[in-house]
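Asker: Residue numbers (our numbering), protein chains in the order written: chain A, 56 to 217; chain B, 1138 to 1229; chain C, 3 to 101; chain D, 4 to 313.
No lab work stands behind these hints: they were computed from the structure. Here the structure is a predicted model, which is why all the values come from computation and not from measurement. Take these hints with a grain of salt, some might be off.
Pulled a few chain C residues facing chain A out of the computed Cβ check, cut under 7 Å [to be verified]:
(1) Ala16
(2) Phe20
(3) Tyr35
(4) Leu38
(5) His39
(6) Gly61
(7) Leu64
(8) Ala66
(9) Leu71
(10) Ser84
(11) Arg92
Using N, Cα and C, we set each Cβ at its ideal position, and we do this for glycine too.
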Amino acid sequence: MQSRNPLRAALPLPRLLAFALVWWLISEGAAASWSIGVPAVLLASWLSARLLPPQRLTPSGLLRFLGFFLLHSLLGAVDVAQRAFRPARPLNPGMIDYSLQLGPGLPRVFMLNVVSLLPGTLSADLEADCLRVHVLDADQDNPAQLAQLEARVAGLFGLTLP
Amino acid sequence: MPDLYHALTLFLLLNLGAGLWRVVRGPTAADRMLAAQLFGTTAVAILLVLAQAGGVAALRDVALVFALLAAVAAVAFVRRAWPQPEDEHDRP
Amino acid sequence: MTGPDYLAALLLLAGALFFLAGTLGLLRFPDVYTRLHALTKADNVGLGLIVLGLSLQSGSWLVAGKLILIWLLVLLAGASVSHLIARGARLRGIPEWRR
Amino acid sequence: MSLLQTGIDALLALGLVWLAWRALACPDLFRGIVLFIAFGLLMALAWVRLEAPDVALAEAAIGAGLTGALLLAALARLNRIAPAGTRADTREAWRNAPALLLVLAGAGLGLAVLSLLPEPAGLQAQVAAELGRSGVSNPVTAVLLNFRGYDTLLEVLVLLLALLAAWSLEAEPPRREAAPGPVLDLLLRLLLPVLVLAAAYLLWAGAHAPGGAFQAGAVLGAAGVLALLAGWRLQPHLTGLPLRLAIVIGPGGFLLVAWALLLTGRPLLEYPPALAGALILLIETLATLSIAATLAVLFQGSRPAAEPPA
Chain A
56 MQSRNPLRAA
66 LPLPRLLAFA
76 LVWWLISEGA
86 AASWSIGVPA
96 VLLASWLSAR
106 LLPPQRLTPS
116 GLLRFLGFFL
126 LHSLLGAVDV
136 AQRAFRPARP
146 LNPGMIDYSL
156 QLGPGLPRVF
166 MLNVVSLLPG
176 TLSADLEADC
186 LRVHVLDADQ
196 DNPAQLAQLE
206 ARVAGLFGLT
216 LP
Chain B
1138 MPDLYHALTL
1148 FLLLNLGAGL
1158 WRVVRGPTAA
1168 DRMLAAQLFG
1178 TTAVAILLVL
1188 AQAGGVAALR
1198 DVALVFALLA
1208 AVAAVAFVRR
1218 AWPQPEDEHD
1228 RP
Chain C
3 MTGPDYLAAL
13 LLLAGALFFL
23 AGTLGLLRFP
33 DVYTRLHALT
43 KADNVGLGLI
53 VLGLSLQSGS
63 WLVAGKLILI
73 WLLVLLAGAS
83 VSHLIARGAR
93 LRGIPEWRR
Chain D
4 MSLLQTGIDA
14 LLALGLVWLA
24 WRALACPDLF
34 RGIVLFIAFG
44 LLMALAWVRL
54 EAPDVALAEA
64 AIGAGLTGAL
74 LLAALARLNR
84 IAPAGTRADT
94 REAWRNAPAL
104 LLVLAGAGLG
114 LAVLSLLPEP
124 AGLQAQVAAE
134 LGRSGVSNPV
144 TAVLLNFRGY
154 DTLLEVLVLL
164 LALLAAWSLE
174 AEPPRREAAP
184 GPVLDLLLRL
194 LLPVLVLAAA
204 YLLWAGAHAP
214 GGAFQAGAVL
224 GAAGVLALLA
234 GWRLQPHLTG
244 LPLRLAIVIG
254 PGGFLLVAWA
264 LLLTGRPLLE
274 YPPALAGALI
284 LLIETLATLS
294 IAATLAVLFQ
304 GSRPAAEPPA
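Excised from the complex, chain A in its bound form (with noise of 0.2 Å):
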């Protein structure tokens, strides 16, 4: 979608905001910092634009995929935790395909991303819409999982899965 204002398609709103907080951030708000603060965000700012087309994450969509996210990524740890401080390691590790209904685009690489940071899920490869991942325990349902999860980063992206 071409925007038709050249100034906003540069400077997209969202991002402004978005980078100007993390430098009142990163200065621990320093007033006296935006002196250079506004030409970095500027310039962050319109670099971020060349490199990433705008998304339209729906803020609902974040609250339940944060929640989600949070939630798993500790019990993704307390799983990996258990098996680490067993005597007895109980793993039974295997490869799973799984295949992706998310477009190719941001949403799917993101998805990528948070598969391994999720319970027993590794992502080991993409090939075409196949998903590769790397599991723990074989035995567990992991591809209802990763559906879940699936379900989740679409909601963020406001997109619905065929």
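On the provided structure of chain A, position chains B, C and D as indicated by the hints.
Answerer: Below, chains B, C and D without anything else, positioned relative to chain A:
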């Protein structure tokens, strides 16, 4: 609280030291590299704890730089230093 | 120590426990793929809990935000690097350990 | 100092010596590099414990981040020129040389520490007295860019010389590069703008806290290194004059300021106190650009003009 911070730092350092065993043992280059990646995360944690313990805000900046550059060495490994899979076949 | 102090101390200790789990995984798990699981999960959550504990102690929203930003950067790097290493290991035919 | 702190310091000191020894003595170059990366991490923590956050920041940016990547790229190049099996291996005979070197260096350092005056006067008092006229409030930056600005000028020139040396070497033959893959691509697209912001922040922070042109340049240079690793290349029309300008603008601007000050009858690099802050910021901004460009181009190794058009 200061004692807790320092005990935590010591504990994290010992973790890091134990991880060195994996660097020495390998067996593959990837094992050594991922151990180094783990050290980066541990170092960020240590720096943040020390920043709070000593009230030194600048240490958070050191941690920020570590976090920003955490991937650089590993990406250099994957893209350059890891022998290519086809290298064995097309060597004369 | 007051209530929030105890909570912070608890979070810091829990974080330390996950770091220990990550190191144990690194040392005890049988192949590069399973070790990557330990790298991306235990240590990142360990750092997250430590960040949470320190945020409580810092008493400043700004510092808390900066700590969370640092955590997100480490998450991004960790997830990306472990995918790159897992993919590279598969391409190079590093065998998987099976029970 | 509590027992815990002593424990931390002892562990750091032992770890550093052990890592230095292992990195030098281990027969496998790759393992040596990984040990060196770990050494850089511990070194940054040691600087923190020595209450030198300025040096810790520089070590984090250069030691832990860029040096590792540079060494790994150098190893890859070495392996292409002379695969591991074909290199003349002199290390076996020299196995104990690092130990000897460590003992000598340790003895020298020990002697130096023992011969220190019990209460060395140092120059802190003089620096503190003049800080108000330096234009900045971070004493390290005041020394590096004002009181001893010529040191920094020469350092920037040394970096330029290193680049000239690299560029006068034979260009590397082009090599096949696998596609970066979507994950590395997204990492770059997310990280590059944040690296730009962080570099600007470190540049600003240098005036009153740890930071400055070298740290900012290293962070920005890392952005360039990551882009090169993902296979991104400068567009051909930028590899000529624009790139060279970016490389020389730092030392060039520094020299111009020094020259202009000499013309007004001042000693070398003695800024008028009213202008000092602005001049230091100008020099540091230009130096940041040049340091970043130089580090990224050094990582690439050969002249970008020698690259075949992609």
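Asker: Please go over all the hints and tell whether each is borne out by the structure.
Answerer: Status of each hint after checking the structure:
no.	hint	in the structure
1	Ala16	violated (10 Å)
2	Phe20	holds (5 Å)
3	Tyr35	holds (5 Å)
4	Leu38	holds (6 Å)
5	His39	holds (6 Å)
6	Gly61	violated (13 Å)
7	Leu64	holds (5 Å)
8	Ala66	violated (9 Å)
9	Leu71	holds (5 Å)
10	Ser84	holds (5 Å)
11	Arg92	holds (6 Å)
In this structure, the hints that do not hold are numbers 1, 6, 8, in rising order.
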